[in-house]
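Chemist: Sequence:
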Amino acid sequence: MANLMPIDQAAAQEGVSRTTIYRLLRLGHLKKYRSPGVDRKTYIDADALREVREHPPLKVVE
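Just so you know, the sequence shown maps onto residues 1 to 62 in this note's numbering.
Be aware that a few hints might be false.
[To be verified] Only pairs whose alpha carbons sit at most 35 angstroms apart, straight line, appear in this in silico DSBU-like list of lysine-lysine:
no., residue 1, residue 2
1, Lys41, Lys59
2, Lys59, Lys32
3, Lys59, Lys31
4, Lys31, Lys41
[Stated by the list, open to error] Quick list of the computed label-pair ranges, beta carbon to beta carbon:
no., residue 1, residue 2, range
5, Gln9, Pro36, 29 to 37 angstroms
6, Asp39, Val61, 37 to 45 angstroms
7, Glu62, Glu14, 12 to 20 angstroms
To be clear, the hints were calculated from the coordinates, so they are not data collected in a lab. All C-beta atoms, glycine included, are put in the ideal place defined by N, C-alpha and C.
Kindly generate the complete structure, drawing on both the sequences and the hints.
Modeler: Structure follows, in structure tokens:
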């Protein structure tokens with residue numbers, strides 16, 4: 001099961017900015033989750049964030 005947590009909490013836990021997380025989401029390196037109902041927060045898998053930080057994706061050089 002994924003270790004889902006709000007972006008703010010994941011950023012604080014991993015020592016990255018929210019901007020970094022949103023960039024990783026935009027580039028497709030992380031997947032976002034939304035809970036139905038009143039809670040409008042965006043969640044990410046904290047384990048996936050840790051994995052991306054430990055093993056950054058390669059840059060494409062043209």
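Chemist: For each hint given before, does the structure comply? Return the numbers of the non-compliant ones in rising order.
Modeler: Going through the list in order, the structure violates hints 5, 7 and respects the others.
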